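Residues per chain, in single letters:
Number of protein chains: 2
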Amino acid sequence: MGVSEANRKKCNEDLDNERKKCTFNPLELTHFLDGGAEKTKERKDRETYFLSDAELQDNVPDHYLSHADKYRNAVRKSCIIFRKIKELQAQGGGVDSYRQLLGGQLGGAILKDGNPLTLHYVMFIPTLMSQGTLEQQALWISRAWSLDILGTYAQTELGHGTFIRGLETTATYDPSREEFVLNSPTLTSYKWWPGGLGHTANYAVVVAQLISKGEKYGIHPFVVQLRDENTHMPMPGIVIGEIGTKMGMNATNNGYLGFENVRIPRDNMLMKNAQVLPDGTYIKSPNSKLTYGTMVFVRVVIVQDCATFLSKAVTIATRYSAVRRQSEYVPGEREPQIIDYRTQQYKLFPHLATCFAMKFAAGWIWDMYNNVSSEIEEGDLDKLPELHAMSCCMKAVCSADASWGVEILRLSCGGHGYMTSSNLPSTYGLVTAACTYEGENTVLLLQTARYLMKAYHQASSGQEMTSTVAYLRGQPKLKKRPWANTIDRYVRAFKEVAAGKIVLCAQNIERRSQTMSPEDAWNMTSIELTQCSEAHCRAFLVERFAGTVAEGNFSVPLKQTMEHLCELYAVFWMLLRLGDFLMFTSLTTSDVEYLRERQVWLLQAIRPQAVGLVDGFDLHDMVLGSALGAWDGQVYERLFEEAQKSPLNAKPVDEESFYKYLKPLLKANL
Amino acid sequence: MGVSEANRKKCNEDLDNERKKCTFNPLELTHFLDGGAEKTKERKDRETYFLSDAELQDNVPDHYLSHADKYRNAVRKSCIIFRKIKELQAQGGGVDSYRQLLGGQLGGAILKDGNPLTLHYVMFIPTLMSQGTLEQQALWISRAWSLDILGTYAQTELGHGTFIRGLETTATYDPSREEFVLNSPTLTSYKWWPGGLGHTANYAVVVAQLISKGEKYGIHPFVVQLRDENTHMPMPGIVIGEIGTKMGMNATNNGYLGFENVRIPRDNMLMKNAQVLPDGTYIKSPNSKLTYGTMVFVRVVIVQDCATFLSKAVTIATRYSAVRRQSEYVPGEREPQIIDYRTQQYKLFPHLATCFAMKFAAGWIWDMYNNVSSEIEEGDLDKLPELHAMSCCMKAVCSADASWGVEILRLSCGGHGYMTSSNLPSTYGLVTAACTYEGENTVLLLQTARYLMKAYHQASSGQEMTSTVAYLRGQPKLKKRPWANTIDRYVRAFKEVAAGKIVLCAQNIERRSQTMSPEDAWNMTSIELTQCSEAHCRAFLVERFAGTVAEGNFSVPLKQTMEHLCELYAVFWMLLRLGDFLMFTSLTTSDVEYLRERQVWLLQAIRPQAVGLVDGFDLHDMVLGSALGAWDGQVYERLFEEAQKSPLNAKPVDEESFYKYLKPLLKANL
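For the record, the sequence lines run as chains A and V. Going by the numbering used here, the first residue of the first sequence is number 107, and it counts up by one from there. Going by the numbering used here, the first residue of the second sequence is number 107, and it counts up by one from there.
Only chain A is shown next, with the shape it has when bound in the complex (with noise of 0.2 Å):
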């Protein structure tokens, strides 16, 4: 439940008391985040909508079923928020985008181990969109829209995800019949992940090598036909299944996929880039980077619900840290609140700070991308490279930094921490799936920096740099500044120990590149490479984050708190890589001691206001869906309701396991 709500239940003391303490209105953040009051309004009413509908709650919740049946409950609620969302439309209401009801916060209340037609709208259809022609569109997406089928998105196999040219599936053109011949050459050709193949759609987008008169073009899309729509058999020569559990999301029916000479008509491989003729003959696309554009909008969105993941988790350990007493901190006195012990503290405020430095760069990369679209649609791809790099280095960047702090957040709850009904560590295993999905984090942290090792060169020959390299110019004759202890000396700082590292990096590969090629000059220096991204990616986001504040328009007891959070996030990670610092600044062992002072200083002084800030992300309690972290505080009382629902205490004896294995064993000896 949200702030509104916040006198309808009555609520722990500690709690209500940390409320008082807050010297700004959660409302306001609130607003602030959503884009204004008349947002806010509009995520609620949208959030009543479905989370008060009956028919989407579980009385048994999921993960004491069988993982059958978690997959049929899933189906089960998805189509319930299909048919939801369709009454919206007819009503005129809002809902502006899907990805909300089957990815974001709001579908995350309802299926909380994913969503396994998801997939159907957030790639089958935007790739038909994107890929398909005019007429191909016409036919398949009208198809797709109004459900009479179910498609998903076939692209990673076993034996290659994040490197797709290494794909092995192959569609072979046979002009005599006008058709695409697919086949799994190998086990490893086997498509293996997608969401809802596994027993849900019944059309995917094929991604294979094409073939045509002998020659391999490389990996192109075809729309494949899987399941036969009334009785839902796979097709002739279709091999497909589900892949089985995994660590999290275990409701999405991720599937594996065969083919064994499967023929589909030449029409169905969608040419609005390259062609095939009936003759076989292949036409190029004129362009092969228009595609970077969709994997930018997909790294943007993964960026931004690794903020939400992370919000979450904060939500949830800052409130149980106000209402959890424990220890004896002065001899007599009553527990303290475990907010209150600054180890505690070290564990909660800077998550809390990632969670607004995540979402202020976020929003930045999708104004410049919205910006470099329309640049694109002009045909200017210029900004192209720095956009892609970017996006490549935040995912890796926040999903990697969103994970481990979701895990030092459930960590901070103690035991109750590692109980499901915490939903933490569910949590976990969805934000942790970020690191690997959508291009592994390595892979994408070395893509940025063969841009950077690119600007490094630009920059040494003079050239025009753009914003997000620019400090590179100069570099390395620059002088150091002398350090001082402001934000925008740290801001500074944090952008000289990512030309420092680049730097370092381009020297070594020149260096190693004389005595060895360069493919093996690059493997020994992509150790330093990763981290040049990542300090990269760290000086953004601080720069972000202290330009966002600078120019936010908050009231005077909000701004100081959001400068606080902003001057502890650059602290924590100078002292996390102090080594850096003393390397490539100006700062010197005797100045560390002042950030050690100050960040604890910080800590202290973000305290009171740090259930304010939680309450202000107005998290829905479905959303949390959490024992420690529901609105009310009332801790012991749900962690206690939720173990009543295990179907294990429905009765004082589980007859099966003590009459037939139990008891005998107890008995043997009598």
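To be clear, the hints were calculated from the coordinates, so they are not data collected in a lab.
The list makes no distinction among identical chains, and a pair is therefore deemed to hold if it is satisfied within one copy or across any two copies.
When the alpha-carbon atoms are kept at most 25 Å apart in a straight line, the in silico DSS-like pairs for lysine-lysine are as follows:
| no. | residue 1 | residue 2 |
| --- | --- | --- |
| 1 | Lys-192 | Lys-145 |
| 2 | Lys-190 | Lys-147 |
| 3 | Lys-773 | Lys-190 |
| 4 | Lys-145 | Lys-190 |
| 5 | Lys-489 | Lys-378 |
| 6 | Lys-192 | Lys-766 |
| 7 | Lys-192 | Lys-773 |
| 8 | Lys-192 | Lys-769 |
| 9 | Lys-378 | Lys-390 |
| 10 | Lys-190 | Lys-769 |
| 11 | Lys-190 | Lys-766 |
| 12 | Lys-116 | Lys-127 |
| 13 | Lys-560 | Lys-489 |
| 14 | Lys-489 | Lys-390 |
Computed from a prediction, not measured in an experiment: that's the story for all the values here.
Assemble chain V onto chain A, guided by the hints.
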């Protein structure tokens, strides 16, 4: 399957080649780690005896079952294990410890997500032994040993874990009936977490606040019957059930327990130490430190378990990295094994080195524990504080390192590491639990820090120092020794860092104490204090690693590899904590480049030995339980086979979800 069965199955070619590359015999390492060839044989015989039993195999893996069925299958298998143990004993077979079969690597191979009967042998019986009088032992241990009753150990409550003085359950003595009356005065006083408590055990040792004649005497252990021995129904006044699903260990049947005026005879208080006489007179325990021994023992066992978990993950990820080929290293050439990427080696080998660091340090503490235990029996408690401090930080640092390592290793396997069939997600679920149980890590680090602060003051006043803190002698006046790139200098540097941080903390506490209470000064310094405990522990780990390698009787090639691993461990941590080394040792920024170069060189040097090293751990395929890590390296075949075990894949169409939900949705528009 272990090394000796190497030739039974056709192996992946790349793995075969790796095994040819290795310059030492993995069996040498296996024997060293087991403690001799005879011990290896014993271990493997025991593995065969248990792991080849058809009754202990699962056709459908547990993770596809409902929560209740998982529990029932675990009870079934636990009972078989107990029977097999008895058979072994009857044959005079040498099962010297139940731990291997209940929690260790063999037990984990049979019951992957925990054993609901473990605490009977691991906590219930040992507590009866250590806390019961001879008469009590005669009565209870004989009943427990013959499985006439099944027990657990109920200490932790909803509101209190690590801080056991805060437990709220009361045991009030009623002299009129010579009984104790147990009550749960609050919701937070409910017992919460004990394994097997939910539906399995019928007895428990319950830790409660003793009250007699209106006086409170602190926590004491009581034997309480929970369920009727014939019907298994809860006894009057006993409120009992399971606490619900968790991040891992979902078969351990962790339970909750409340008391409503539950009466037990006076004799059920375990009175080896403290006593309550029939009239209610309380007689104090002669020495409260005696119970420290068990805590130390449990923490050393946890360190060993952490090393095992990490070894499993390293084995899985290393073998997978040798089999997996990905991307284009040199244009036009075959995709390389991913183990050839320096970034991948950086994810694998430091954690491979960590396995040895943990094993060797744990071995040393184990010996120290045995020595100190005999001293304690002779009344000499001098070394107990040092042993306790060392066990606290070792448990904290090793559980944190192992959890971090397992996650890095899981992520190094890309998407496949996210599959349950990799066994990496559940390995993480088990190892991360160790960060919280048996003393929460931050609390333990602060306990070690208390000891270090005392040690610092002793050192300052010129007292004799025990071995693990001998490096504090003469601090902070000691002149920094010149830098040198040798393992001895590195070990020294780790001690200098620890000493430097300890001195700084002591000074900060002193300075702060002038303007605030000692409690506040401690709290303000607590983040640094946890870091100084970690530095102390790290120095110990590096020193024990270097010492064991230097003393070990290895063949030349194995010795060299062990030296490389030890050096990598040191260099890796110096670079991760670079700021500390620049601040507290004579290392200068110009020395850093050598360390970076050296790290890359060491990764390359270890590369050809990596598969041989993990083969040397000799973890049975069933212990690994991983499609990615099996001896034969048939990664893709096994992933595919495992997927076929999903009950959803039993039929081509899941009729329930299709006919009930999907078809109506799809046909709604016709």
